[in-house]
Every structure is written in C-alpha cells, then in structure tokens.
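Novice: Each chain is listed here by its residues.
There are 2 protein chains.
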Amino acid sequence: MKLLEEKIRQDGKIFEGNILKVDSFVNHQIDVKFMNEIGKEFKRLYEGEEITKILTIEASGIGIACIVAQYFDVPVVFAKKAKTVNIAGDVYTSQVESFTHKRVYDIIVSKEFLHADDKVLIIDDFLAQGSALCGLIKLIRDAKATVVGAGIVIEKAYQAGGKLVRDMGVRVESLARIQSMSPNGDIEFID
Amino acid sequence: MKLLEEKIRQDGKIFEGNILKVDSFVNHQIDVKFMNEIGKEFKRLYEGEEITKILTIEASGIGIACIVAQYFDVPVVFAKKAKTVNIAGDVYTSQVESFTHKRVYDIIVSKEFLHADDKVLIIDDFLAQGSALCGLIKLIRDAKATVVGAGIVIEKAYQAGGKLVRDMGVRVESLARIQSMSPNGDIEFID
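Chains as they are written, first to last, in our numbering: chain Y, 614 to 804; chain G, 614 to 804.
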C-alpha cells in the first residue's frame, strides 16, 4: 500500500536494534482518517470472504481493529493480557512473547466471544517474530472457529513471523512489508 | 442515552462488589456499530466546541475513542501505562489508581502529541472513583493544553469521581449514569 509506505518513510522513526516507531499515527497517536484508508484496503483484500468477527490484541491493535471492523460490519474482540481480576469463568488462553517488553505473558479470550461457527479475521499493527499472531491463531483454533486470515499493517519481513504463519497455511496480508531499514532512516519495502 | 441504558440492562452483568461487566459490547467484545451511536451522541453534546484531539487511556478506551474521533475529525492519543522500553525522551506523566486491578501505575503521554494549543476531549468507558480521569486531566494541564471536557460511556454516579471532576470545573458528559445496581440485575439510572 503505497500511501502507507510513504507515511512510514515520512513519519516513522528508526532506532538501534531494528525498532521502528510509528507513534505519530499508529501506536500512541492514532490517525483515524488514515486508519480508514487501511480499513478500505483490508476490505478490498478480503472481499468475498465470509467474516463474522475481528480479533486483535490489546493495546495498540484495538483502535485499528475497530476502524477496520466498520468495513466488514462485524464486532471486534480483543484478547486481553491476563491480569484483571474482573475476568472470571471460561477463557481460551495462549502465551505470547513480547520482544519489545522482554517478557512472556498469557493472553485470554472469553469463551463467550469466540464460537465454532465464527470466521475470524485477525488484525494487528505489527508482525515481526509472529508470537502474538500465533497466540491469536491458537485461541481461534481452540475455539474450533475458522481463521480466515490476518491483516497486518506493518510486517518486518526480514524477521521470521511472516514465513512461520504463512507456512501454517494461514493467509497473511501485510500492507507494508519492510525488507530492511537502518537508523539513518533508509527503509526498503518489498513490493 | 436511552439506547445505552437499555443495552446495559440487557447485556450488562452485575457481580458482587459493585462490579458491572459490559464485556459483550464495550470491554472485551466491542460492538462497533453501537459505538457509532455513542460517537454521534458525544458529537451532539459537544457540538460547537473546538476540539483538536481526543485523549484516552489504554486499553479499553482506545476503541471507543477511535470511533468517536471520526465524528470530530481529529486524531486520538492514548495514554500508555508506563512499561515499554520503546518510549524514550520527554513525556508527561501522572499516576492512576486502578481499583479493579488493585494497584497504582504511571501513565504517560509523549510531549510530541500534546501541545499548548490543543483543545482536548477526554473519552473513556467508565467513570467511578475518577482516578484515570484526574490523571488524564493532569497530563493535559501539564502540557498547558485546554481540557474541553470528558465524554464517559458509563458513570457510576454513586461513586465519588463524577462530583470530584465536575468540582474541578471540568465538563463531564456521561451517557449512562448509574444511581444504584444490585447483583440480582436491578439497575437504576439518573435521568
């Protein structure tokens, strides 16, 4: 998605350690108008697919997922990082490793909100090692629901996650696939 | 907002300890179509006010804020619970007490995303003790920006937060104000 690549080049900030910050429009401030363009693009890519629910993970996936969901006219469910004392009863659970926060945490989705007849599109901001995406796929499969695919805003294609998940037979559509980047600001995208 | 009161009566679940769960449309699953009705209502209430930014707090405020922001045509900024190693540099910070999670945490907003000329509408799902709302107001005031008001989906009006914040001179619009509720399912709203 050319518009997104331009936006990343213009507003993204690259730090040592292969860290790309897109805090000005995705991860801290959210450019809601721009997210609508992202929603339209996912709708175009998944046109014709039956989708009953969008699944994402807190926190930064939620805003994107809600805007995107409007184009599919379905509810959003967000997996929670397990800590709340308000979550009671039956949940699906899996483990996710955060390389940013350098820890492993449990994510949960209440069984109330994922059913065997659900056709689920996963939406998330980043795909790098694929840990969050694999965790979400496990939740859906534990519910015996169908994984229609994943819609990712930015894929770090030089990391293992994209191949890992595609090799599982899951369709992954990433709107910007970064081949390489360097702290001086150069970013190469895969067409 | 009658539609919201009906939805809370129909889909909300009340637990011991004055806990209201609206997980089926606000806090875990998000009914995006319904959130659009909430967005329209906040737009109606704040019609004529100049607003340049919507501020909320992760995680469950983000989805609502993004949908609402579409009616004001402004970006969303969400305050982060301080933990990430990706946040560097200058931030505004304040402390918030979570009664649900029984802990105090720091919230931060990058100075990049709040400026003295911003007119900020705060959006959040719940108002109870007012700790999150006071924390967000402090961030805005530290940035010398203007607090236009707060848009709250559900106010527990029998708790201290609403009065506390209104007494600070901040406009608070809550779409459903709960006067009392009991675990047998009875909920009374303030008109």
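The set of hints was computed from the structure by calculation and includes no laboratory data. Treat the hints with care, since some could be wrong.
[Unchecked claim] If the Cβ cut is set under 10 Å, some of the chain G residues that face chain Y in the computed set are: (1) ASP636; (2) ASN649; (3) GLU662; (4) ILE664; (5) LYS666; (6) CYS679; (7) ILE680; (8) PRO688; (9) VAL690; (10) CYS747; (11) ILE750; (12) LYS751; (13) ALA770.
[Stated by the list, open to error] Capping the alpha-carbon separation at 30 Å, the derived lysine-lysine pairs in DSSO-like fashion look like this: (14) G/LYS732 <-> Y/LYS757; (15) G/LYS620 <-> G/LYS724; (16) Y/LYS646 <-> G/LYS715; (17) Y/LYS715 <-> G/LYS724; (18) Y/LYS751 <-> G/LYS694; (19) Y/LYS620 <-> G/LYS634; (20) G/LYS620 <-> Y/LYS634; (21) Y/LYS653 <-> Y/LYS626; (22) Y/LYS694 <-> G/LYS634; (23) Y/LYS715 <-> Y/LYS653.
Beta carbons are placed, not taken as given, at the ideal position from N, Cα and C, and that holds for glycine.
Novice: Hints first: check each against the structure and report whether it holds.
Specialist: Results for each hint:
Checking G/ASP636 against chain Y by beta carbon gives a least distance of about 7 Å; that is within 10 Å, so the hint holds. Annotation: G/ASN649 was flagged as interfacial toward chain Y, and the flag holds, the nearest CB pair being 8 Å apart, inside 10 Å. The criterion of a C-beta within 10 Å of any C-beta in chain Y is not met by G/GLU662, whose closest approach is roughly 18 Å, and the hint is violated. Annotation: G/ILE664 was flagged as interfacial toward chain Y, and the flag is violated, the nearest CB pair being 13 Å apart, outside 10 Å.
With a cut of 10 Å, the hint placing G/LYS666 at the interface with chain Y holds, because the nearest CB-to-CB distance is about 8 Å. Hint status for G/CYS679: holds, given a least beta-carbon distance of 4 Å to chain Y, under 10 Å. With a least beta-carbon distance of about 6 Å to chain Y, the hint placing G/ILE680 at the interface is held under the 10 Å criterion. At its closest, the beta carbon of G/PRO688 sits 5 Å from a beta carbon of chain Y; the interface hint therefore holds under the 10 Å criterion.
Annotation: interface hint on G/VAL690 holds; nearest CB of chain Y at approximately 5 Å, less than 10 Å. Using the Cβ-Cβ criterion of 10 Å, the hint placing G/CYS747 at the interface with chain Y is not satisfied: the shortest such distance is roughly 21 Å. Nearest Cβ of chain Y to the Cβ of G/ILE750: about 19 Å, over the 10 Å cut. The hint is violated. Restraint check, G/LYS751 versus chain Y: the minimum CB separation of about 18 Å is more than 10 Å; hint violated.
With a least beta-carbon distance of about 20 Å to chain Y, the hint placing G/ALA770 at the interface is violated under the 10 Å criterion. Taking the CA atoms of G/LYS732 and Y/LYS757, the gap is about 47 Å. The hint is violated against a cut of 30 Å. A distance of roughly 38 Å separates the Cα atoms of G/LYS620 and G/LYS724; the hinted pair therefore is violated under the 30 Å criterion. At most 30 Å may separate the alpha-carbon atoms for a hinted pair to count; Y/LYS646 and G/LYS715 exceed this at roughly 36 Å.
Between the alpha carbons of Y/LYS715 and G/LYS724 the distance comes to roughly 25 Å, so the proposed pair stays at or under 30 Å and holds. Restraint check: the Cα-Cα separation between Y/LYS751 and G/LYS694 comes to about 27 Å, which is no more than 30 Å; the hinted pair holds. Restraint check for Y/LYS620 and G/LYS634: the C-alpha separation of about 38 Å exceeds 30 Å, so the hint is violated. With a C-alpha separation of about 38 Å, the suggested pairing of G/LYS620 with Y/LYS634 is violated against the 30 Å cut-off.
In summary, the hint linking Y/LYS653 to Y/LYS626 is supported, as the alpha carbons are separated by about 25 Å, within the 30 Å threshold. A distance of roughly 17 Å separates the Cα atoms of Y/LYS694 and G/LYS634; the hinted pair therefore holds under the 30 Å criterion. Annotation: proposed proximity of Y/LYS715 to Y/LYS653 is violated, straight-line Cα distance about 34 Å (limit 30 Å).
When the structure is compared with the earlier hints, violations turn up for hints 3, 4, 10, 11, 12, 13, 14, 15, 16, 19, 20 and 23 and for no others.
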